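Visitor: Residue strings, one per chain:
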Amino acid sequence: MVMAFGTPGRDPEVLRPRDPAEACRMKAALGAEGVFVAGGTLLRTQWESGAAKMPGALIDLTALPALDGIAEEAGALVIGPLVRLSDLVRSEPVAAGFPLLAEAVRRIGAPSIRNLATIGGNVASRTGDALTALLVYDAELIWRTERRTETMRLEDWLADPGAGEGFRLLAGIRLKRAGAAAGGRAGRIAGGFRKLGRREAFIPALVTVAVLGRLTEDGTLAGVRVAAGGGSAVPSRLRAAEAVIEGARVSPETLVRLGEAVAGEYRPASDAFAGAEYRRRAAANLIAAEWFTLCAPDRKEGEHDPDP
Amino acid sequence: MIERTNPLPAAADAAVISFTLNGEPVRLAVPPARRLIDVLRHDLLLTGTKIGCEIGRCGACMVLVDGRPVNACLTMMYQLEGRRVTTIEGLAGGAEALHAVQRAFLEEGGFQCGYCTPGMIVSAAALLAERPDPTDDEIVEALSGNLCRCTGYGGILRAVRRAVAIGREADGTG
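Line by line, the protein sequences give chains A and B. Residue numbering for the first sequence follows this note's numbering, starting at 6 and increasing by one per position. Residue numbering for the second sequence follows this note's numbering, starting at 12 and increasing by one per position.
By construction, these hints were calculated from the structure, which means they are not laboratory data. Predicted model only: the values in this text are computed from it and were never measured. Just so it is clear, CB atoms sit at the ideal spot from N, CA and C, and this is done for glycine as well. Careful, some of the hints might be misleading.
[Unchecked claim] Taking CB as the label site, the calculated pair distances span: (1) B:176 - A:78: 43 to 51 angstroms; (2) A:203 - B:58: 30 to 38 angstroms; (3) A:203 - B:35: 39 to 47 angstroms; (4) A:24 - B:182: 43 to 51 angstroms; (5) B:141 - A:237: 28 to 36 angstroms; (6) B:27 - A:24: 39 to 47 angstroms; (7) A:35 - B:144: 20 to 28 angstroms; (8) B:27 - A:81: 36 to 44 angstroms; (9) B:92 - A:71: 15 to 23 angstroms; (10) A:151 - B:92: 23 to 31 angstroms; (11) B:77 - A:262: 48 to 56 angstroms; (12) B:182 - A:35: 49 to 57 angstroms; (13) A:248 - B:147: 37 to 45 angstroms; (14) B:77 - A:97: 17 to 25 angstroms.
Here chain B stands alone, though its shape is the one from the complex (with noise of 0.2 angstroms):
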């Protein structure tokens, strides 16, 4: 349970919602309509999750809900009522323990502002959960709601087969 004081003082209009975010309980009183990605960054800090477009199209503030990426910008508060939030703050095991398509990120330098990157990871986190051996078409189709405006996607493309091998070798199977 997040148990820091609340620097704000309650809306009016607040209700209290309850989901779990990076693993923990949380319950905030928040304004239903509230967009997640606003939470996120405004309210508790978790800078992590990037804004860009606000319309869906550029994948920036990508978050998984019960594992599936969705659209912070385009999710609010009372969507979340007894769900599973996980951002890129809570994909990792711990600072010495980066999540595989961060390892692969770093090794393979699948950015080049960073910006884009932690959407990308997300979405790329949450396919390899799904289909640890995709497609390279599989791949880009989990990742065509994501934009990068640097790098052409080939380093991105490299970095997610990357994650691929290192998953494979982590089953034993490369």
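Okay, chain A solo, but in the shape it has when bound (with noise of 0.2 angstroms):
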């Protein structure tokens, strides 16, 4: 026998489109009225907290299994955003070739949040942990339209989502291979990621850095990327601490000039908890460190920093 339960009328209808496509013309059909859901763990507290209402309509992006899965492409690999966080910190592709991403995605929620949760809601919050390690990666996004497929840098859509956002659907998330990225000089890549939260662990972020780049043989630093965000400031490249270490040694003079870039450029955003001006000079400091750490003369190549 079939049992039946439930308030009739209270809860949302859930839609399975059949293609990218469908969903984006019942998105479009829908409005406000319909919300694209993967995990739901973000838009289940949004419901809980008030500070959204719990639609008529949840389009299941899970019925879509071509956004699923990580995919080698010529140069580059291509993460589906419907991966959950736990299958991506376990994905060896990504392991090897993006160490960053696994370790920022590895530091979100619980384990049993990453089983639910994916990378595509992650990215489409805008905030999430991730980005930061997705912006120093140069990570394009695949977005799908009702007819069409087009590409758009992150850091582009980070600093401008356009126009006719709602109708759009995130289909990929495309990371180049490093070595063309960083200039292709000899030397070794240096990266890091470093979130900073109130707790050790289990704790929406304060601040995240990431800092990727090419230790060159000569000692000087190339293809310089620094990148920061936390909370619900929408993180972004710090283009001017950037200029300060690119081609240059690391020394005691040039980690302040580039802690003083940092405080100057970035831009986070103040809650309860922490003020704009703490987070500014935390970010600061994060990346002169990362930065000291990375250049010391007895790192190996591929090392990787625990937590502080």
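With the hints as a guide, bring the two chains together.
Guide: Right, here's the structure in full:
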């Protein structure tokens, strides 16, 4: 027999699109009454807190298996937005090619949250902790609209999501292989990710920073990338900070100027727990400390710092 | 198959969800976005799974879906179609055969008020199923989504280490 439970008329209906184009049509037809859902972890917290109203319909993206999985492309890795955070952490190609992303995702939520939540949801939130790591890898976002596929650099989308955002669907995250990305000069790739929260684990970030570059054989840095985010601030690359150490040798003097550049450039958001000034200084110190550690002479290739 | 009389009229917007619950196939007509925690506690009267924060922060409602821990307060029924759900009630082999983690929590006193205990045990059981001999760091990481406000965690960590030892003894490797 079938048992039946529930209160009629209180819960949203669940729509299962057959392909990304139909998902976009559903969203276009429903407007604010239809919401794309994958893991649903962030949405549930918004519904429970009252930050967002439960919509009339959930558009279930897990009906679209084409948006799942991690695929190798020529010179790139394409991560499907439906990949669960726990599966991303376990992915060998991600760990081997993009360890800062694996590290950032490993620090999101707790194991049970990572078993539900998807990387697509973390990106689509525009404040997820994976974004700083994705920014230093210069990730591209592949979007599906009802009629076509378009690609946009993550950095550009974060700066300006553009019009009609609700009617397009994240279909992939493309990460170009290093080597080409860091200028191809000899030396070793150096990168780090740091998350600062009010507890050691299972806490939203106050500040996240990610840095990436190449320590060349003559001791100078090339292809430097620096990004910061955390809290309700939309993460961004810090170009002035990058310019301070691009082509330079790390020294106490350059690190002081690097910290000043970060503090002058980064625009965090305050909340009840931490002010913008605290976050600015924390980001400056974390970024300077990360480069200091990465450029220490006794470090080996691929070495990865544990949490501070 | 669950064969109890349905105490409530079918909701107009219900969907039939088929999944496995504690080893038994079940079919339920429920609003598809209804939370698993509500179905377990209110509809099926399986109250071993506790409810705390309702936003995935406390871990009191931890269950296994296809062997992996998830928060039942965050899980919607349609997400369970075809899945295998295990609650604290389904962890033991029967009243006389407690799960090794349950035994260890009893032997080591890994609880005080007991409210977080089902969630702690479910998370620990999932860890040991995947890694029978975890490091202390792996134990702490596996329990990082379960909050206890009584114990200070000392007894809980001791209980999980005891469960590891029970597993080794059962294997004959201890």
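Visitor: For every hint, state whether the structure bears it out.
Guide: Consistency of the hints with the structure:
1. B:176 - A:78: 43 to 51 angstroms: 47 angstroms, holds
2. A:203 - B:58: 30 to 38 angstroms: Given a distance of about 33 angstroms, which is inside 30 to 38 angstroms, the answer is holds.
3. A:203 - B:35: 39 to 47 angstroms: Holds, since residue 203 of chain A and residue 35 of chain B (Cβ atoms, about 43 angstroms apart) stay within the stated range.
4. A:24 - B:182: 43 to 51 angstroms: With a Cβ separation near 49 angstroms, residue 24 of chain A and residue 182 of chain B satisfy 43 to 51 angstroms, so the hint holds.
5. B:141 - A:237: 28 to 36 angstroms: Roughly 35 angstroms apart at Cβ, these two residues keep to the hinted range, so it holds.
6. B:27 - A:24: 39 to 47 angstroms: 24 angstroms, violated
7. A:35 - B:144: 20 to 28 angstroms: 50 angstroms, violated
8. B:27 - A:81: 36 to 44 angstroms: 42 angstroms, holds
9. B:92 - A:71: 15 to 23 angstroms: 19 angstroms, holds
10. A:151 - B:92: 23 to 31 angstroms: 27 angstroms, holds
11. B:77 - A:262: 48 to 56 angstroms: Given range 48 to 56 angstroms: holds, Cβ gap about 52 angstroms.
12. B:182 - A:35: 49 to 57 angstroms: 54 angstroms, holds
13. A:248 - B:147: 37 to 45 angstroms: About 44 angstroms separates the Cβ atoms of residue 248 of chain A and residue 147 of chain B, which means 37 to 45 angstroms holds.
14. B:77 - A:97: 17 to 25 angstroms: 21 angstroms, holds
Checked against the numbered hints above, the structure violates hints 6, 7; every other hint is satisfied.
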